[in-house]
Amino acid sequence: MNVRQFLNVLSFTYQERVRTKSFLVTTIMMFVIMIVVSAGPALLSAFSHQAPGRIVLINEARQFPISSASLRTQMGIGYIWQIGQLSHLPVLRSELKRGQDNLAGIVVIQPQGIAAPPLVTTIVRSANPAFVGPLQTYLQSLYSLTAMRRQGLTAAQDALVMAKVPLRLVQVVPTHQNRYYPIYFLEMLLYMFVLLYGSMAMMSVAAEKSSRVQELLIANVKSVTLMYGKLVGISLVGLTQYPLILIAAYIGSHLVPGQSGAAQALFYGLAPGLLALFLVFFLLGFFLFATFYAAVGSLVSRVEDVSQASSPITMVFLLSFMAAMYALSSPTSAWVAVLSFIPNFIPMVMFAREGMTTVPPLQLAVAIVILFCSVLLSGYISARIYRIGVTLYGKRPTLREVWALLRSQ
Amino acid sequence: MLAVDDVTFTAKPGQALALLGGNGAGKTTTIRMILGLFAPDAGSIEWNGQPLDQRRVRIGYLPEERGLYQKSRVSHQLIYFGRLQGMSQSAARKETVTWLERFGVRDALQRRVEELSKGNQQKIQLIATLMSDPQIVILDEPFSGLDPVNSDLLKGILMDLIASGKTVVFSSHQMDHVESFCEQICLLKRGRIILQGNLREIKRGYGRTSLLIKTDQDVTALLAAQPGASVTRQANGYEIKLDSEERAQAILQTLVEERVPVVKFELAEPSLHDIFIERMGE
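Protein chains in written order, with this note's numbering: chain A, 1 to 409; chain B, 1001 to 1282.
The following block holds chain B by itself, in its conformation from the complex (with noise of 0.2 Å):
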């Protein structure tokens, strides 16, 4: 059975590069690929212009399933899954005390894993990929089961991260993250690339075809009968999808004429998740 075919990406130091697809995309293999645990049939994955050697590189890496010894103490586990990334035993006992308390949970450091709150749990796994100061970050689906609060600590962090010159590499289907501070995107389907680049250049291509009116009047009708849009109706206001930005003009003119009273009109390039929805509907 073929999981991935032809699957061609750069991600560069200082920048996150975000695999998108829906369920059985290839996401996981292709991140398995590169710590080498699957060989590529054919191809090769490089670092620096040589075959990488992930027992050279430090990698880091998130799985998609979370998984830690429920029963082993928090610093007994981080100072092992320290030493296992190379780690001297003193740098990664340093190391374990740094990050919790970088994580606010100092005082998890002699507790059972099962003691601890989910979110906490997450804190530990994420200790667990950092903590070597890893050149290359792969984070499976690191926002997945997260309350806000620890999304935008997740955040922050991976922001740091790239700041630092660190490659991150991620997945994830939650789009609105992936927009906020990732350049490069590699959108897969059923085992293909079907789009990938820059991600601004990527909207900008699009042009500026999402249209977004608030308006108390109901003018779902006036709407309705323009040529080249498709209107969503929303709680409070329309959003529509146009063919081509010029449509917007003449839109806009037939509201001025018709008296509608006007609260927002903005014209946008779509986002992430509307691209991310047309593409995979092809």
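Same shape as in the complex, but just chain A (with noise of 0.2 Å):
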């Protein structure tokens, strides 16, 4: 491979690029759709807390005191209490159907004899709330109480019969369940660049062969030089991008004063060396899928072969991309422990498996070297094909004609 060439041809293809309108306005779009994407999250947290649904509480059983400040310490300021009449309950009800008035539900408490636990109705105008499982615990602590009390336990006592039992968890393969929304984000990333500049990298390569440029190319560079040039090139071009991609995220998630959780929660966690690894398999990634992509769309003919020649390619990374999903919610799992050893899973699997839990050292360089020889075979494979496919016009050849040329080489 010849440097000058590599650099030439990669400065060539990034200039191309990044000079066009159409990066630019991609560019801008890009920047505007994150921060109004990372502002999601905080924009919706920031507007339930200011419309906090009413909630009207009948109390008919008059052994259970409850007033609406015990029900406001008891249950959260999610929602605002009230103590209504039993003779209100039918225009409540029509209230609720309407929607009136920010109603949320209505509580009714009806007694059913001095020994036994009272009937509690509760009304919601369609799906279950969330202060329904709240509300019962708190019910369930006050009539335990009454019953107590009625068999002459003393406060004292009440204490003991009412001390909750401690809970522990302890993970002996532990899980860091609050990367989850960080990593997502990455998998994310990584997930789009592949997509996008991996078939950019096609679509210029079949361009490039369909307007006969390749001809006057491949006269004076060597294939494996022009590819790599432009592979190299267009991950520039990403790259170049994706920085705006971050700080458009940064600014769209503290976007909202006072929800810094929301903000915090999109970055928790992503120490420097978790970062450098998600570099690592970023790269070898890209390049693992990109090369393949290359390769397609040296085969075509004509730019509009490119989407269905290139679907195989496609489903291969789509099954990564969920297998990688299944391993943010169960990283622990034997299938996702095998999937992260198989070459095209690795960048996104491993990286869900070391980013929710804690991969040994050993698994993990095993996994790099894995998809690093899998990069440079598929580097050696893909400048192969690119070197028939671009000298090959007309129909778009199977793939056991492309096996044929390449044995015949």
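In short, the hints are calculated from the structure, not lab data.
Treat the hints loosely; a few may be bogus.
[Stated by the list, open to error] Just some of the chain B residues that point at chain A, by a computed CB distance under 10 Å:
(1) 1009
(2) 1052
(3) 1055
(4) 1070
(5) 1072
(6) 1080
(7) 1086
(8) 1138
These numbers come from a predicted model, not from an experiment.
Glycine is no exception: its CB is placed at the ideal position from the N, C-alpha and C atoms.
Dock the two chains into a complex; use the hints.
If you want it as structure tokens, here you go:
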């Protein structure tokens, strides 16, 4: 490979992309969309705090003294609790049905005799709202206390009976559940990068071939040099746009004042070591797929054929993304462990494993070595396909024909 | 599949060699082997007695199907092509301007290729081929799609190249262009050479067997009666293929005896076009 020519191809590819108007437009669009998307969670939580629902509680069981103040302290600040009269129930029901006055629910407590617990009816608009669980716990403890008092237990004995059993969770393989969103976000970045810039490389190869510029180029430049110059050039285009996406995500998540919790969630636990590892998987993953995309681009004669011809690669890539999503939710499963050593799954699945739990360093090293060798192999195969493909016009060759040509060389 | 078989020819500096042949004869494949895009299964390609190293010897190549980056500016891509051919940035920039001026398209420098006319795009393509001052110039169908003015412009440039000692190899099936400046020919048919050598000698070998007669009188019957002659009537005369040069004298004598008013009586070597048709038909 000729380094000078490689750099020539690289810089031409890069400049040709970056100088276009469409590059400017897509970059601005990505920036704006990213700000909106990353501000989303913070905006949602800000709005949901501004508009808590109103719940009217009608208490007919006199033996349970329930005040709106005690409800507020026991149930948190999510809802506004009010005490109502049974005679207002029909009016309240129709109000609830029409969705008036921010009414989220009606709770009716009716006695069923001295010795029996009261009947609690919860009337809501449609879905099961969040307050039902805590309300039941609160009323349960209230009933238990009243019952114990009736049996003659003292306040000190009350405390003894009602004391909570402490629960402690010990994970043998610790998982970092609070890193779910940051890791998900990074996986998404890799996924988009491969799809966007892998197909950009493929399109540019196919366009060069269909416009016959290729003939002029391969007379002067080795196909390997040409292919890698192009791939690195286009990956640099991506790496020019990506920092802007990250900046947009940062700005977006800090945009809503007073919601620093949501902002922190997006960047939680992203230590430099983990980010460096991500960069390794990111670049190797990109080249693993992009070399095959470039090879496909070299095989088609017309740009229109590109998307159909590349669908097998896109399928394989999609599969590894889906596996990564599974790995995020169950990072310690045996399946995930197996997949994290299969070349096309390594970049996303192994990173998901490392992000959500802690993978033994040896396993991590083995995966990186496997991935690195696969990238070299895919580069070698793709360069050979590329060399054949660029001088091949007419009908798109079948896999079998490509294989036969590769062997005959 | 065998594309070319047992093809041997020599191109010399200061001469043009034409690779001729019908569609699918193996011209482009032969050119691609010279460029090192395909490796021949057997045989070699040599330059000055050494195997040709495409990285050492500058080869200017004009592909049959013209291709440029449509969206890219002329200066940007010409400098890129020049750099890929081993030129420095400044030399590539300088040659780009010089060549554009030579072709009279200096104002195309900062234009996008898609804004240029087809003829001008071909000039840009040719500049990409020649700007690095290559020792070997390979042109695949250089005349296809050019109008007469641009055709002559290209012919002039090729003459200059030959005069300056370049080795020019080109393929064509436009025989009149080939005839006007080409010394060596190599005729391919289904991947094999069926005729090669110096064009003048080849023609001389055929003898003066092509006879052209111009007359206002209808002499079709008279000529048809002549032995060893196949007659084609043309718009203002007759074209006759003779099986030997001597037949012409007998025909001339007959015409004089019959008192036919002859405007033109020309005995010539067959044109390359005729030779091509004859050899390809075999």
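Now for the hints, and whether the structure bears them out:
1. About 20 Å separates the beta-carbon of residue 1009 of chain B from the nearest beta-carbon of chain A, more than 10 Å, and the hint is not met.
2. Interface restraint check for residue 1052 of chain B: the shortest CB-CB distance to chain A comes to about 13 Å, outside 10 Å, so the restraint is violated.
3. The criterion of a C-beta within 10 Å of any C-beta in chain A is met by residue 1055 of chain B, whose closest approach is roughly 8 Å, and the hint holds.
4. Taking 10 Å as the C-beta contact cut-off toward chain A, the hint placing residue 1070 of chain B at the interface holds, the least distance being around 7 Å.
5. Because the smallest distance between the Cβ of residue 1072 of chain B and any Cβ of chain A comes to about 6 Å, under 10 Å, the interface hint for this residue holds.
6. Here the hint on residue 1080 of chain B is kept, as its CB sits about 5 Å from the closest CB of chain A, short of 10 Å.
7. Look at residue 1086 of chain B: its Cβ gets to within about 8 Å of chain A, closer than 10 Å, so that hint holds up.
8. Here the hint on residue 1138 of chain B is kept, as its CB sits about 8 Å from the closest CB of chain A, short of 10 Å.
In this structure, the earlier hints numbered 1 and 2 are contradicted, and the remaining ones agree with it.
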